[in-house]
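S.K.: Below are the chains, spelled out letter by letter.
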Amino acid sequence: MKKPTAGGAVSTVVSLGTEALGAAVSAARRAGEAIRSGASHAGETEPRWHVMTVCASAEEVAPGGKLPEPLARLGDAIDTRLRPASGERGTELACRLHDKEDAGPPGTAEPVTADATVQELRTALRQAKALVETGEILLPDRPSTNRPTVTGRPLDKLIEKAQGEGRL
Amino acid sequence: MKALTWQGTNDLSVEQTPDPAIRNEQDAIVKVSQTVTCGSDLHLLGGYIPFMRAGDVLGHEFVGEVVETGPRVERHKAGDRVVVCSFISCGRCWYCKQGLFSLCDNGNTNPGITEHLWGSAPGGCYGYSHALGGFAGSHAEYIRVPFADQGAFPVPDALDDTTALFASDSAPTGWMGADLGGVKPGDVVAVWGCGAVGQMAARAALLLGADRVIAIDPFRRPTGRPTRPRRRGPAG
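One line per chain: the protein sequences are V and G, in this order. The first sequence begins at 1 in our numbering and counts up one residue at a time. The second sequence begins at 1 in our numbering and counts up one residue at a time.
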């Protein structure tokens with residue numbers, strides 16, 4: 001029987017390390033591709049409902065029917081629906097962009113399901129939930145301690161879109 | 001200020017970095033007195049978590065003194081000694097209300113990354129990559145603590161910094177292991193792995209009344225090689 005050697009052990013460690021690194025790179029690539037392609041809404045032909053559960057009553061979410069500021073800013077561009085969340089988890093806050101026909105004369109407006117618009121809606125939903133639940137929208141650290149690097153550029157792009165993307 | 005920064009895989013350096021600033025009304029700035037390295041920092045160091053940027057400050061277990069507070073911080077004031085939970089949580093979302101603070105809905109400023117990877121986003125964590133919010137870590141002279149009323153805890157005068165430090169992460173993590181294992185008085189408990197968290201789990205089991213705790217870990221020779229089981233009895 002072949003005896004294990006220190007070299008063998010090192011190779012095993014290197015091999016495990018390489019596999020883990022490969023998995024990590026693969027994970028980053030998956031997240032990057034999904035976010036860059038807008039995979040969470042790719043192929044949608046008409047606006048769909050985007051929903052967040054807010055840990056608060058409907059009256060706290062929209063007192064007197066007034067939506068939180070991040071959503072109110074979107075004005076008539078969105079439909080909004082509130083209903084009790086299952087399991088007494090609060091209120092389901094659902095928003096949907098108007099479809100193209102409602103947005104204005106054809107050819108004069110951007111498609112309402114364009115990535116940028118959907119990202120704006122997702123961001124507004126997240127911010128509305130945060131405002132209702134915590135009273136503030138958590139901001140990232142600034143000034144940043146980072147320095148720009150060529151290899152860091154793909155991650156910089158992911159971070160730019162990370163508020164407006166996801167599974168909402 | 002000076003901070004220990006990630007520069008690339010297996011590449012760390014102490015750099016001059018900008019001082020942290022209050023960004024939200026519920027933030028505090030803490031002057032770090034002690035900070036400790038966690039085993040999970042090795043994942044960042046080894047490049048296994050590919051959401052680090054050059055210059056990110058590491059560290060998520062720390063104790064220190066509050067030096068500045070935002071206008072909506074009510075439980076802390078400048079001069080207070082605090083130990084801070086490694087995860088950033090709001091305390092008011094559904095997950096937080098269930099005690100599942102690491103799943104906080106409002107503590108991670110980059111939720112899209114992990115939602116795409118895992119289907120949902122965890123809360124934020126200090127010094128633990130941009131997938132968990134990109135917040136600067138505690139291996140620095142100062143650190144920003146969001147939702148300070150929720151995540152920072154006063155340290156009683158009777159406790160020194162070193163004793164309080166491990167309440168930040170490893171002690172509660174070990175306690176959770178024993179708690180989830182349902183340890184009760186009279187139990188015989190086995191703990192696999194005698195790193196910091198394993199030792200905390202063993203201690204927690206004793207505090208929960210275990211009669212005996214067996215800690216299991218390979219014994220390493222000075223050469224670093226694990227010992228092989230030795231055959232007892234007459235040679236065959």
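Some hints here could point you the wrong way.
Derived SDA-like pairs: lysine to any residue, alpha-carbon spacing no greater than 20 Å straight-line [unchecked claim]:
1) G:Lys2 to G:Leu45
2) V:Lys157 to G:Lys2
3) G:Lys97 to V:Ile137
4) G:Lys97 to V:Lys157
Hints in this document: simulated from the structure, not taken from any laboratory.
S.K.: If a hint holds in the structure, say so; if it does not, say that too.
M.R.: These are the hints, each one checked on the structure:
Distance hint between Lys2 (chain G) and Leu45 (chain G) is fulfilled; the C-alpha atoms sit about 19 Å from each other, no more than 20 Å. A threshold of 20 Å between alpha carbons decides the hint, and for Lys157 (chain V) with Lys2 (chain G) the separation of about 28 Å lies outside it, so the pair is violated. The hinted pair formed by Lys97 (chain G) and Ile137 (chain V) meets the criterion: a straight-line CA distance of about 19 Å does not exceed 20 Å. For the proposed pair Lys97 (chain G) and Lys157 (chain V), the alpha carbon gap of about 33 Å is over 20 Å, so the pair is violated.
Hints 2, 4 from the list above are not met by this structure, while the remaining hints are.
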